[in-house]
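Colleague: 4 is the number of the first residue of the sequence shown in our numbering; add one for each residue after it.
No wet-lab data here; the hints were simulated from the structure.
Be aware that a few hints might be false.
Okay, the calculated beta carbon distance ranges per label pair [unchecked claim]: (1) Ser110 x Phe173: 11 to 21 Å; (2) Leu249 x Ala179: 36 to 46 Å; (3) Gly28 x Gln5: 19 to 29 Å; (4) Phe173 x Glu102: 37 to 47 Å; (5) Arg120 x Val26: 21 to 31 Å; (6) Arg256 x Asp113: 22 to 32 Å; (7) Glu48 x Glu102: 33 to 43 Å; (8) Thr183 x Arg256: 17 to 27 Å; (9) Gly28 x Ala164: 39 to 49 Å; (10) Gly129 x Leu249: 15 to 25 Å.
Here are the simulated SDA-like pairs of lysine to any residue, each with C-alpha atoms no more than 25 Å apart in a straight line [claimed, not checked]: (11) Lys234 x His79; (12) Lys197 x Gly151; (13) Lys45 x Arg88; (14) Lys65 x Lys96; (15) Lys197 x Leu153; (16) Lys65 x Asp25; (17) Lys64 x Gly129; (18) Lys223 x Gly129; (19) Lys65 x Gly151; (20) Lys96 x Ala119; (21) Lys213 x His79; (22) Lys234 x Gly218; (23) Lys96 x Ala21; (24) Lys64 x Ala30; (25) Lys45 x Ala119; (26) Lys223 x Arg210; (27) Lys180 x His79; (28) Lys223 x Ala250; (29) Lys96 x Leu153; (30) Lys180 x Pro114; (31) Lys64 x Ser152; (32) Lys45 x Ser245; (33) Lys234 x Glu255; (34) Lys223 x Thr166; (35) Lys45 x Leu153; (36) Lys213 x Ala164; (37) Lys45 x Glu81; (38) Lys197 x Glu81; (39) Lys65 x His232; (40) Lys223 x Met194.
Beta carbons: idealized from backbone N, C-alpha and C, even for Gly.
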Amino acid sequence: MQVGIFQTQEAAADYAAAHIIDVVGGATDPVLGVATGSTPLKLYERLRAAHAAGTFTLAGKKAIALDEYVGIADDHPERYRNVLRTELVGEDKTGLTDELLFTPDSSAPDPQAAAARYDEQIRALGGATIQILGIGSDGHIAFNEPGGSLVSRTHVDVLTAQTRTDNARFFDGDLAKVPTESISQGLGTIMEAKEIILLAFGEGKARAVKELVEGAVSAKWPATVLQMHPKVTVLVDEAAASQLELADFYTERWNARH
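From just these sequences and the hints, can you work out the full model?
Modeller: Below, the structure written as structure tokens:
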């Protein structure tokens, strides 16, 4: 696990974008694993800018989403498929086409069956060439909440009160509007990505980042399973890194390699 500590979110997003552009551009038939929430928005801005400059494209390439709310209306602006369309789909954005954006079926009558189908679809695509991740304040990645299996496959999960409270800002601050369930790639599914890049910003993520990097692997902090992955890069700002005991060492190692 490499840890890059940056002065600002913008600097971290610059590095993430440049790395993703290199990985996607150098791969044969790449699959980009995409995340939602506020954390990757600056990264997506940079991918759009690179596409506009002619140095990056997702045209003809595939993207797979981490998760989706269960039962959310197809036209709801916070449906994750719609969020990803807004950020990435179209020749005026990254060149990604709607038919090559793969997301869980949020309106399926049987969400469990939809989750199983999505897991099979990801496997058929060969998994993510590089997976973008954020991290929740309670250590969840995708919607793998604390206490779940560390080897889970794509599944339906109940969202914790903390996650729903954190996400209420996307629903006019109204907790009652936040869905209670999701279809999420499992931790076992995520771990099959060839490479993972995780971003975390702000003091509210500091405890989760500390556990992710320096804590024991535990279902209490689901993201800690990433310690077992052979190729993970964690990009944080100084606020998110504020509880890391070995921050100086991570910076020395990062500077030596970059």
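Colleague: Which earlier hints turn out false for this structure, listed by number in ascending order?
Modeller: Numbers 4, 6, 7, 8, 10, 11, 18, 19, 20, 21, 25, 29, 31, 35, 38, in rising order.
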